[in-house]
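In order, the protein sequence lines correspond to chains A and B. Here my numbering is used: position 91 in the first sequence is 91, and no number is missing along the way. Here my numbering is used: position 214 in the second sequence is 1214, and no number is missing along the way.
Hints in this document: simulated from the structure, not taken from any laboratory. Mixed in with the good hints, there may be bad ones.
What the hints assert, rightly or not - Some chain A residues well away from chain B (every beta-carbon gap over 10 angstroms; in silico): (1) Met1; (2) Leu11; (3) Lys100; (4) Ser104; (5) Glu107; (6) Asp124; (7) Thr142; (8) Lys145; (9) Glu148.
Unchecked claim - Restraint ranges, calculated between C-beta atoms of paired labels, are given here: (10) Asn134/A - Gly1151/B: 42 to 48 angstroms; (11) Gly112/A - Asp1272/B: 43 to 49 angstroms; (12) Arg1321/B - Ala143/A: 18 to 24 angstroms; (13) Ser1359/B - Ser104/A: 19 to 25 angstroms; (14) Lys1275/B - Ala143/A: 44 to 50 angstroms; (15) Tyr153/A - Asn1413/B: 43 to 49 angstroms; (16) Arg1321/B - Tyr153/A: 30 to 36 angstroms.
Backbone N, C-alpha and C fix where the C-beta goes; we use that ideal spot for every residue, glycine too.
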Amino acid sequence: MLTEEEKKEILTEANQYPYPAAACIDALKIVQHHRGWVSDESVKDIGQILGISNEEVDSVATFYSRIYRKPVGRNVILVCDSVSCMVMGYEKIYDYLSEKLGISFGETTSDGRFTLLPNSCLGDCDHAPAMMINNDHYNLLTAEKVDELLDLYK
Amino acid sequence: MTKHIIPSGTPLNLKDYRKAGGYSGTEKALKKMTPAEVTDLIKASNLLGRGGAGFPTGVKWSLVPMEKYNSKPKYLICNADEMEPGTFKDRYLLEGNPHQLIAGMIISAYAIQAGKAYIFLRWAYKKAEAELRKAISEAYEAGYLGKNIMGSGFDLDLYVHSSAGRYICGEETALLNSLEGKRAIPRTKPPYPAISGLFGRPTVVNNVETLCWISHIVDNGAEWFKALSLTGTGGTKLYGVSGNVKNPGTWELPLGVTVRELIEVHAGGMKDGYKFRGALPGGASTDFIVEEHLDVKMDFSTVAAAGSRLGTGTMIILDDRTCPVAFIHNIERFFAVESCGWCTPCREGLPWVEKMLLSIEVGTGKMEYLDILKSQVKYMGPGNTFCAHAPGAMEPLQSGLKYFYDDFVKHINDQKCPWR
Chain A
1 MLTEEEKKEI LTEANQYPYP AAACIDALKI VQHHRGWVSD ESVKDIGQIL GISNEEVDSV
61 ATFYSRIYRK PVGRNVILVC DSVSCMVMGY EKIYDYLSEK LGISFGETTS DGRFTLLPNS
121 CLGDCDHAPA MMINNDHYNL LTAEKVDELL DLYK
Chain B
1001 MTKHIIPSGT PLNLKDYRKA GGYSGTEKAL KKMTPAEVTD LIKASNLLGR GGAGFPTGVK
1061 WSLVPMEKYN SKPKYLICNA DEMEPGTFKD RYLLEGNPHQ LIAGMIISAY AIQAGKAYIF
1121 LRWAYKKAEA ELRKAISEAY EAGYLGKNIM GSGFDLDLYV HSSAGRYICG EETALLNSLE
1181 GKRAIPRTKP PYPAISGLFG RPTVVNNVET LCWISHIVDN GAEWFKALSL TGTGGTKLYG
1241 VSGNVKNPGT WELPLGVTVR ELIEVHAGGM KDGYKFRGAL PGGASTDFIV EEHLDVKMDF
1301 STVAAAGSRL GTGTMIILDD RTCPVAFIHN IERFFAVESC GWCTPCREGL PWVEKMLLSI
1361 EVGTGKMEYL DILKSQVKYM GPGNTFCAHA PGAMEPLQSG LKYFYDDFVK HINDQKCPWR
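In isolation and in its complexed conformation, chain A is listed as follows (with noise of 0.2 angstroms):
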C-alpha cells in the first residue's frame, strides 16, 4: 500500500503531464526514496494509481540503473567505472573497498550498512576517481579518503 504521502507526490508529478502515466519514472522515484527501493507490491501499486499495467511499470523499473527492484542496504556506494576513471586508478579504490566491506559489485554487507555498485561515469572526470555515497559526490579517492568517508555513513 502506497502511503497518503507518497500518492500526494505522484499525483503532482502526474499534474504536469498530459496524462498520469507519464508519471511513472517519478513515482518510481518517488516510492524509492521513501522505501529504498521497489517492491513487487509497489510495481502493483504504482500502476494502479497511474492507471497502468504491472507489467509496464515493471518494464520501466528494470530499465533504469538508478531504480532498485531488490533491497539495498541504508548506503549505497557507487564507484565510477568510466574510462577516466579507469585512467586514474578506480581499480584501486574498487578492490580497497571491496576487501574492507568484504562485498563485491552488487552485494550488500551483511548488517545492512553498505552495498557496493558500479556506476557509469559520474561527470567528475577532471577529479578522478569518483564516487557517490547517496546523494553525496566525492572525488581524487585514495584509500585514506575512502577510509574517512566512510566512517560518516552509519
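Add chain B to chain A, keeping to what the hints say.
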C-alpha cells in the same frame, strides 16, 4: 558564458544576475522581436549544437510548424543528461549559473512558441538540481516564467525532470520516451521531433551549452558571436581535459584552439613520467587522435577532417602507462552495458566485442579476434543500427585498432598484457 561562474562557489541569484546584465536579452526578445526574428538571428549567428552533433540551432528551430502560432502545445527541452564518459562541461554551467540557462530557454521557447519547457537532468547532478529549482522559483516570482511574461502575452511553464539513469536517455528521441515515462528506447526518424516529439507534439531538444548562448546572441548580435571563434564557425566552447595531465579541468575558449594548446597550455601538459599516446577529443564515442593531430583545430569541421569528431569537446587522454586495449575494453564495456537492447546488432554485437577485448586483455585472445573485431566495426557502423549508439561505440574501436594495432598483436602473441 562562464563570466559569472565561480568554480565550486554559489551561483548568482536572480537579482545579482540582473544587475550583471542577465535577462536583458530575454526582455529584448520578448518585448521587441517577433519569434521569427529571433529564429533568423540564431540562424545568422551559425550557432552549432553543443551536445555533440553540431547541428545548426536556428535551422532546428525553423523546422517547427509556426502557422499563426496556433499548433499548441509545443515543447522545448533542455538536454542536460550529460552522460558521455569523459564529459563534465554542462555540470559546470548548470551548477555555476542556472539563470543563464533559464534566460536562454525563455527566448528559445518564445521563438518556437512553446508553452512548456523541461530540463531533462542527469540523476547524479544533485547540486545542479537544487540550484535549478531555486533559480526557477525565483524566475516565477520575478515574472519571467508563468503567464503573460513581462506583459508580452507569452506564457511559459518550466519543469525539471531528474532522470533515473541510462546513457541512452541523451539520445533525443529516447529522451522523449523517457520523459513520457517509458523505457528510453530511440524512435524512428522521420518524423523528426520538430514535427512530432514529446506527446506527439512539435518539440525542440537543445543541449545546455547551446541554450546558454541564446540570450548573449540576442544581446550582442550574430556578428559578435561569429567573431568570438578562431575559425569563423561562431562562439566559444567549453573544452575539457581528463587523464594524466598536470591540470585536468574545463575551460571556455574560442572555438578552434588547437589540441596542443588545450593539452600543453590549459591542462598544463602531461604529468611527469607520462607520455601522450592519443586522445578521444570529444568523449568516449569519438575516434582517437594521435600525435600527428596535435595541431588540429578543435572545431567541428577540422576535427572531422582529422578523422574524428569534436563531440562534446571534452577530451580523454591515453598515456603510455595505460594499456590501450584495457582503455578500449573499458569503453566498449560501457557501451555494451548502456545499450538499450532494442536492435540486434547493438544488443548482441557490443557484448561480443566486449568479451573479445577482455579476452585479449587477460591473455587468452586469438589472432582471428582482430578480424572479427574489424568486421564488427563494419556491422555496427552507421546505417546498420537503429540509432547512433553502436556506431558511436565503434569509433574508438576502429581507430584504436588502427593506431594501436601492434599493442593488440603483442597481447595475443605474448598471451598477457604488457602493462600488468
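Comparing the hints with the structure gives:
1. Look at Met1/A: its CB is around 22 angstroms from the nearest CB on chain B, clear of 10 angstroms, so calling it non-interface holds up.
2. No Cβ of chain B comes within 10 angstroms of the Cβ of Leu11/A; the nearest lies about 14 angstroms off, and the non-interface call holds.
3. Distance to chain B confirms Lys100/A as a non-interface residue, since its nearest Cβ pair spans about 23 angstroms, more than 10 angstroms.
4. Non-interface call for Ser104/A relative to chain B: holds, since the shortest CB-CB distance, roughly 16 angstroms, exceeds 10 angstroms.
5. No beta-carbon of chain B comes within 10 angstroms of the beta-carbon of Glu107/A; the shortest separation is about 18 angstroms.
6. The beta carbon of Asp124/A sits about 6 angstroms from the closest Cβ of chain B, which is not more than 10 angstroms, so the claim that it is off the interface is violated.
7. At the 10 angstroms boundary, the C-beta of Thr142/A stays outside the reach of chain B, the nearest C-beta of that chain being 16 angstroms off.
8. No beta-carbon of chain B comes within 10 angstroms of the beta-carbon of Lys145/A; the shortest separation is about 17 angstroms.
9. No beta-carbon of chain B comes within 10 angstroms of the beta-carbon of Glu148/A; the shortest separation is about 19 angstroms.
10. For Asn134/A and Gly1151/B, the hinted distance range of 42 to 48 angstroms is satisfied, since their beta carbons lie about 45 angstroms from each other.
11. Evaluation of the 43 to 49 angstroms hint for Gly112/A and Asp1272/B yields a pass: the beta carbon distance comes to about 45 angstroms.
12. Take Arg1321/B and Ala143/A: their Cβ atoms lie about 20 angstroms apart, and the range 18 to 24 angstroms holds.
13. Under the hint 19 to 25 angstroms, the C-beta atoms of Ser1359/B and Ser104/A, about 21 angstroms apart, fit the expected range.
14. For Lys1275/B and Ala143/A, the Cβ-Cβ distance of about 27 angstroms falls outside the hinted range of 44 to 50 angstroms, so the restraint is violated.
15. At about 47 angstroms, the CB distance of Tyr153/A to Asn1413/B agrees with the hint of 43 to 49 angstroms.
16. Distance hint for Arg1321/B and Tyr153/A: a CB-CB separation of about 33 angstroms, consistent with the stated range 30 to 36 angstroms.
Of the hints listed earlier, those the structure fails to meet are numbers 6 and 14, in rising order.
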